[in-house]
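S.K.: Going by my numbering, the first sequence opens with residue 1, and the numbers climb by one from there.
Hints should not be assumed to be uniformly reliable.
Cβ pair distances, simulated, as ranges [claimed, not checked]:
#, residue 1, residue 2, range
1, S821, S563, 52 to 58 Å
2, K381, S122, 53 to 59 Å
3, D207, G787, 48 to 54 Å
What the hints contain is simulated information worked out from the structure, not anything from laboratory work.
Cβ atoms here follow ideal geometry from the backbone N, Cα and C, with glycine treated the same way.
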Amino acid sequence: MQQTYHPKDIESRVQQEWDNAKAFQASDLSNKPKYYCLSMFPYPSGKLHMGHVRNYTIGDVLSRYHRMKGYNVMQPMGWDAFGLPAENAAMANNVPPAAWTYSNIDYMRNQLKSLGLGIDWSREVTTCKPEYYRWEQWLFTKLFEKGLIYKKTAPVNWDPVDQTVLANEQVIDGRGWRSGALVEKRDIPMYFFRITAYADELLDELDNLPGWPEQVRTMQKNWIGRSYGVRFAFPYTLDGKKDKLWVFTTRADTIMGVTFCAVAAEHPLATRAAQGNPALAAFIEECKQGGVAEADIATMEKKGMPTGISVTHPLTGEDIPVWVGNYVLMGYGEGAVMAVPAHDERDFHFAKKYNLPIKQVIQVPGETFSSDEWAEWYGDKERGHCVNSGEYDDLNYEQAINAIAGDLKARELGGKQVHFRLRDWGISRQRYWGCPIPIIHCPTCGDVPVPDNQLPVVLPENVVPDGAGSPLAKMPEFYQCTCPKCGGQARRETDTMDTFVESSWYYARYASPACTDGMLDLNAANYWLPVDQYIGGIEHAILHLLYARFFHKLMRDVGLLLSNEPFTNLLTQGMVIAPTFYREADNGKKLWINPADVDVVTDARGRPTGATLRADGQPVVIGGTEKMSKSKNNGVDPQAIIDQYGADTARLFMMFAAPPEQSLEWSDAGVEGAFRFLRRLWKAAFDHLERGPVSAYTSGELSTEAKALRLQLHQTIQKIDDDYGRRKTFNTAIAATMELLNALGKFNEDSPTACQVAQEVLESAVLLLSPITPHVCEEIWTALRPGSRLLDQAFPKADPSALVQDEIELMIQVNGKLRGSLRVAKETDKATLEQLVLNHEAVQKQLAGGAPKKIVVVPDRLINVVA
RNA sequence: GCCGGGAUGGCGGAAUUGGUAGACGCGCCGGACUCAAAAUCCGGUGUCAGAGAUGAUGUGAGGGUUCGAGUCCCUCUCCCGGCACCA
């Protein structure tokens with residue numbers, strides 16, 4: 001063993017040894033229990049960022065811990081390789097997205113390897129390769145045939161200048177990011193996955209996922225949003241024809257309070273009313289402005305205009321005016337809503353703004369209704385009952401709904417309906433760098449799925465998009481084809497799939513990544529699935545995780561799998577954040593400065609007083625601490641840390657700075673602290689070995705100090721086992737190891753048994769820490785136990801005999817305030833304790849001669865004297 | 001706007017089931033070593049008062065439950081994530 005710690009040499013050598021031994025290749029045949037540990041695969045954006053390092057270190061720690069606990073571990077890795085950034089990079093650099101993506105993958109794969117992750121690289125999956133996406137296309141055709149995929153129109157962001165569809169991300173303040181043109185809503189035909197057909201199962205199964213964070217399950221429940229309501233119609237006659245305006249409501253009990261209806265700008269009633277009404281036509285045109293993002297629609301000013309058309313209230317027969325509202329969307333629900341201003345806050349404000357009638361039909365006892373101002377109780381369905389509602393008066397929420405739904409049904413104008421907030425999943429994208437949708441449009445046969453023997457539909461890779469429309473739609477060699485059914489001239493679909501589709505099933509493909517005769521190999525898939533531990537960013541709590549759960553059920557129902565859910569345990573990791581610094585330019589714009597180029601100035605107590613740019617020594621402004629991003633220039637390149645300190649230090653810092661689920665603040669000083677600790681560990685082992693070889697303690701008489709050290713060691717083993725296995729709080733596991741080594745540092749005995757105890761502590765510490773810092777631990781282990789590999793060692797087990805304590809310290813409180821402590825034998829009975837505590841000096845002083853009201857004894861913890 | 005989460009010293013965080021608030025690390029202060037610096041090692045470090053023993057106070061704000069609240073309940077403020085075409 002060398003005297004000083006040189007991470008560079010150690011890490012490359014140890015990684016080479018793992019490679020040579022094929023140490024992390026997972027076998028499908030094992031008599032150990034399996035443990036499939038999966039981290040969300042990266043988008044190959046160029047180089048690894050800190051979020052990746054954090055994600056993959058967490059996965060590696062859990063994988064290595066479970067390996068030590070006797071599991072057959074599989075930890076795969078792959079590339080979520082289709083996506084928008086590749087097209088942007090292509091346009092900026094005039095490089096085809098494919099070339100850019102593949103070169104990024106090569107670079108990032110090397111970066112991942114330098115982190116020392118125990119990955120089975122033989123299972124690598126890349127989603128932009130035909131051998132992957134052909135199975136996605138195959139599944140698409142099966143689902144199309146089953147009716148689980150259908151076509152309908154839906155609104156998208158349209159850039160009228162670039163003549164292209166924009167992602168929500170590409171709409172900035174209502175304008176196209178490249179053209180600057182005002183964005184419009186436009187309805188286009190798209191393919192949809194019928195996810196709502198699985199809404200009930202997706203919702204109900206959440207209760208069978210105890211390994212998922214409660215907050216994620218709650219978010220998914222609310223997203224799916226099952227509600228029990230009433231779908232009903234307002235009949236009307238227009239142009240001599242009878243028709244019905246359908247709406248859905250969860251508040252059918254307020255139906256007698258409807259004073260108007262609102263429809264979307266694209267609703268047929270609005271279109272009809274706009275004929276011969278230029279003002280309304282202009283308003284409908286105005287409603288098209290802006291994007292389709294829900295956050296924008298929900299926060300914009302609610303505007304409306306009357307259509308002049310009336311419909312008939314289905315129960316009262318009253319005339320109800322129909323308005324066009326900019327907040328009603330055609331694509332969602334019926335594209336029309338009933339409005340009850342008295343009992344819906346949004347309707348209330350709309351009615352006030354346009355002077356529409358407000359009719360109270362719900363009363364809460366003891367409250368007074370006023371149409372001047374909105375009050376919380378107006379919307380209270382728990383405490384209210386019907387008023388001004390004729391035969392429904394005095395009914396509560398449930399009774400009213402039942403009665404009203406019954407009456408609507410009797411008139412064939414509606415009835416109860418289960419409604420989901422969840423909408424079907426539109427997957428068509430008018431982009432190039434994605435998986436081609438395997439459909440052929442035939443003038444005679446319609447939409448025909450591409451037959452199995454013609455799959456995959458290969459995406460040409462040597463294309464540079466120009467930002468205007470879809471490149472595939474301009475390539476006759478791609479879209480010209482013949483109909484598989486009739487053989488006539490036909491046109492291939494040029495839209496590609498949402499990249500969420502690829503990431504919805506990659507976890508299953510890892511079980512049999514090279515399978516060529518099916519999407520999955522049945523045996524391999526059923527051996528490895530479900531994933532035992534899934535790890536990824538909290539930002540994926542809803543969409544990705546819901547889509548993957550949906551796909552798992554789809555694959556199950558076409559006979560590819562037996563399980564119901566893809567991920568048994570889920571860990572949602574927090575963001576990596578860093579301080580921001582900037583200077584204001586003359587034009588008022590902020591110039592963001594990277595934290596690596598800044599020195600922070602502190603006062604005598606260490607409080608920051610300012611910051612300067614290292615290059616010129618002049619002050620910079622300290623901004624907030626935010627998620628690492630290009631726009632704030634506060635990203636720290638993990639490669640620089642690995643180069644300077646080694647992967648073990650980077651991993652140690654990341655795991656130590658915060659528990660996995662919280663956001664993690666980057667700190668250069670913290671990284672140095674982590675490095676210092678590894679150096680101290682190294683030196684402790686080196687100094688110990690200098691005294692000559694010794695085996696770990698097994699038996700023999702021990703001093704009080706040695707006994708105390710062994711007690712701490714075995715308590716630490718217990719604690720860290722729990723931290724890794726149950727709590728997944730690696731920061732506290734590291735802290736406990738540090739405390740243990742601090743205690744070893746203070747242990748100065750050098751008798752033969754004392755040296756054996758020191759050996760035991762060092763061996764255990766290295767094993768305990770090895771999931772987090774595997775390279776340095778492997779190296780020290782081999783020095784402590786020549787000829788053996790740490791990789792083959794089991795996780796330490798606590799020795800029950802070392803954990804026996806005969807004396808404990810009890811805290812003494814008076815009225816809940818700490819006043820002292822007491823050392824007593826462990827099994828001291830309550831009466832003796834009470835006597836002891838009453839004789840305690842501090843207690844007598846507090847009681848000042850008075851008698852205590854009562855004494856609370858918490859076993860092994862404290863005694864509280866209530867005066 | 002809607003859904004979910006968070007707030008503890010100068011900083012990151014710990015306190016696992018309502019029972020010693022601030023473990024561990026960073027920073028800072030003092031000391032040792034050094035011609036000096038760096039590195040390393042030792043000691044101190046929530047705030048206020050006190051020479052000290054000690055006392056008071058303290059977990060975003062306000063209220064409540066309890067012998068006892070960072071932890072449970074109610075009201076509020078600010079910050080962060082998601083909102084269906086970023087991944």
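S.K.: Return the numbers of the hints above that this structure violates; sort them in rising order.
M.R.: No hint contradicted; all consistent.
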